[in-house]
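In this text, residue positions in the sequence shown follow my numbering: the first is 1084, and each later residue adds one.
Since the hints were made in silico from the structure, they are not lab data.
Some hints could be false.
Unchecked claim - Listed below are the simulated EDC-like cross-link pairs for lysine to aspartate or glutamate, each with C-alpha atoms no more than 20 Å apart in a straight line:
#, residue 1, residue 2
1, Lys1202, Glu1135
2, Lys1153, Glu1107
3, Lys1153, Glu1172
4, Lys1174, Asp1154
5, Lys1174, Glu1161
6, Lys1178, Asp1154
7, Lys1174, Asp1185
8, Lys1153, Glu1116
9, Lys1178, Glu1161
10, Lys1153, Asp1173
11, Lys1153, Glu1176
12, Lys1178, Glu1107
13, Lys1153, Glu1113
14, Lys1202, Asp1190
15, Lys1202, Glu1094
Said to hold, decoys possible - Now the in silico label distances, taken between C-beta atoms and shown as ranges:
#, residue 1, residue 2, range
16, Asp1154, Glu1194, 31 to 37 Å
17, Leu1170, Arg1133, 18 to 24 Å
18, Asp1173, Arg1138, 32 to 38 Å
19, Arg1104, Gly1130, 18 to 24 Å
20, Glu1181, Gln1124, 24 to 30 Å
Given the structure is predicted, the values throughout are model-derived calculations rather than measurements.
Even glycine gets a Cβ: it sits at the ideal position worked out from N, Cα and C.
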Amino acid sequence: MSTDWHAEAREALPILIRCARRGETITYGELGEQIGVHHRQVGRILGIIRDEICRRGERAPMLNVLVVRKDQGVPGTEVLAERSRYLPEDKLEAKVAEHQHDVFSYDGWDEFLAEQGLKPVE
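With the sequences and hints as input, model every part of the structure.
Structure (structure tokens):
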């Protein structure tokens, strides 16, 4: 049985942007529950969103850093390009906080949603 990952990515995007506006993170499990997939499938969906952000050609921050592991409160190791699995915990937390701040302060999310034909969720 195949799954339409793009449909789930389109469903997840407004949820992530809502988190960005509120200055909040969300766990893999919470996001999976909201879009109706197992939390282990969320990474694949986040990859689709990341690719779409990269295709825009501008320096929009990666929404993926808002999705965190329940047990550690940080994103999965593949999210940050800085080889995060090798960083000491304090440096990892600082890097994550820096990237999350960029996402929280980015003012182009409404435009990005509109380009995707999506509406914000509250």
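Okay, the hints, checked on the actual structure:
1. With a C-alpha separation of about 17 Å, the suggested pairing of Lys1202 with Glu1135 holds against the 20 Å cut-off.
2. For the given pair, Lys1153 sits about 14 Å from Glu1107 by alpha-carbon distance, which is consistent with the 20 Å threshold.
3. For the hint pairing Lys1153 with Glu1172, the CA-to-CA distance comes to about 16 Å; that is within 20 Å, so the pair holds.
4. The suggested pairing of Lys1174 with Asp1154 holds, with an alpha-carbon distance near 18 Å, which does not exceed 20 Å.
5. A hinted pair counts as satisfied when its Cα atoms are at most 20 Å apart, and Lys1174 with Glu1161 qualifies at roughly 16 Å.
6. Straight-line distance between C-alpha atoms of Lys1178 and Asp1154 comes to about 18 Å, which keeps the hinted pair within the 20 Å bound.
7. Distance check on the hinted pair: Lys1174 and Asp1185 sit about 17 Å apart at the alpha-carbon level, within 20 Å; holds.
8. Of the pairs offered as hints, the one joining Lys1153 and Glu1116 holds, with about 13 Å between alpha carbons and a cut-off of 20 Å not exceeded.
9. At most 20 Å may separate the alpha-carbon atoms for a hinted pair to count; Lys1178 and Glu1161 meet this at roughly 13 Å.
10. At most 20 Å may separate the alpha-carbon atoms for a hinted pair to count; Lys1153 and Asp1173 meet this at roughly 18 Å.
11. With a C-alpha separation of about 14 Å, the suggested pairing of Lys1153 with Glu1176 holds against the 20 Å cut-off.
12. Only pairs whose Cα atoms come within 20 Å are accepted, and Lys1178 paired with Glu1107 is accepted, the gap being roughly 16 Å.
13. With a CA separation close to 9 Å, the supplied pair Lys1153 and Glu1113 stays within the 20 Å bound.
14. For the hint linking Lys1202 to Asp1190, the alpha-carbon distance of about 16 Å falls within 20 Å, and the restraint holds.
15. For the hint pairing Lys1202 with Glu1094, the CA-to-CA distance comes to about 10 Å; that is within 20 Å, so the pair holds.
16. A hinted range of 31 to 37 Å holds for the C-beta pair Asp1154 and Glu1194, which are about 35 Å apart.
17. Distance hint check for Leu1170 and Arg1133: the Cβ-Cβ separation is about 20 Å, which falls inside the suggested range of 18 to 24 Å.
18. For Asp1173 paired with Arg1138, a C-beta distance near 34 Å keeps the hint of 32 to 38 Å intact.
19. Between Arg1104 and Gly1130 the C-beta distance comes to about 23 Å, which sits within the given range of 18 to 24 Å.
20. A hinted range of 24 to 30 Å holds for the C-beta pair Glu1181 and Gln1124, which are about 28 Å apart.
Hint check: no violations occur; every hint is consistent with the structure.
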